[in-house]
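**Student:** What follows is the residue order along each chain.
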Amino acid sequence: EPEVTQTPSHQVTQMGQEVILRCVPISNHLYFYWYRQILGQKVEFLVSFYNNEISEKSEIFDDQFSVERPDGSNFTLKIRSTKLEDSAMYFCASGTSSRIADTQYFGPGTRLTVL
Amino acid sequence: AQSVTQPDIHITVSEGASLELRCNYSYGATPYLFWYVQSPGQGLQLLLKYFSGDTLVQGIKGFEAEFKRSQSSFNLRKPSVHWSDAAEYFCAVARRDNTDKLIFGTGTRLQVFP
Chain A
1 EPEVTQTPSH QVTQMGQEVI LRCVPISNHL YFYWYRQILG QKVEFLVSFY NNEISEKSEI
61 FDDQFSVERP DGSNFTLKIR STKLEDSAMY FCASGTSSRI ADTQYFGPGT RLTVL
Chain B
1001 AQSVTQPDIH ITVSEGASLE LRCNYSYGAT PYLFWYVQSP GQGLQLLLKY FSGDTLVQGI
1061 KGFEAEFKRS QSSFNLRKPS VHWSDAAEYF CAVARRDNTD KLIFGTGTRL QVFP
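Keeping their order, the protein sequence lines are chains A and B. For the first sequence, our numbering assigns the number 1 to the initial residue and increments by one for each residue that follows. For the second sequence, our numbering assigns the number 1001 to the initial residue and increments by one for each residue that follows.
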């Protein structure tokens, strides 16, 4: 069964550094998402992406965050200058063309630790 | 504000026992409703979803959930739990107005004793 994959599984970085989290969505999917889960808290929506542009974003997704689909297979989340409070598990998801009416398939997550 | 509440942070059951995980939502209108499961080291896997129609929804792995509009609830049930069901379970909702944003509850961790 096709899966969403994410790399790395764990990323440790210093505060103020840039990080790029990578995701490979399921190949025929057209909608892409990032969510995050701070330890002990809810999974929170960050951003959705379709047709090479952001379709929706949350208030968490400020100017420090950006997303890109650089080569037609990868989907990346960049945090320009990490803060301690960015430490969380970041989940990528992808879906087919029906948006919320269809299933979002999630990857295993990348745990980001900011020191 | 829209919210999803899972009142049980941690539940422990014996293998073979029945299970009910609670989920309540606060919305202006009936949203789309979902249950996801996360096993250790795995992504979130969809168990079942409710959009409309029959309020009792069947999912994978023997799970079912019942939508009760009067109680704003979407509780997950399984008649006989297996040790492999030990995982974190998340209830999620989405508005029906052309959004693809899932709003999650805080999750319930299920522990199964042999």
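None of these hints come from the bench; they were simulated from the model. By construction, the Cβ of each residue, glycine as well, lies at the ideal position given by its N, Cα and C atoms. Please note: incorrect hints may appear among the correct ones.
[As the list claims (entries may be wrong)] Under 7 Å between C-beta atoms, here's a sample of chain A residues computed to sit facing chain B:
#, residue
1, K42
2, F45
3, S48
4, F106
5, P108
**Student:** All the hints need checking, so say for each whether the structure fits it.
**Tutor:** Taking the hints in turn, this is what the structure says about them:
| no. | hint | verdict |
| --- | --- | --- |
| 1 | K42 | holds, 5 Å |
| 2 | F45 | holds, 4 Å |
| 3 | S48 | holds, 5 Å |
| 4 | F106 | holds, 4 Å |
| 5 | P108 | holds, 5 Å |
Violation of the numbered hints given earlier is absent; every hint is satisfied by the structure.
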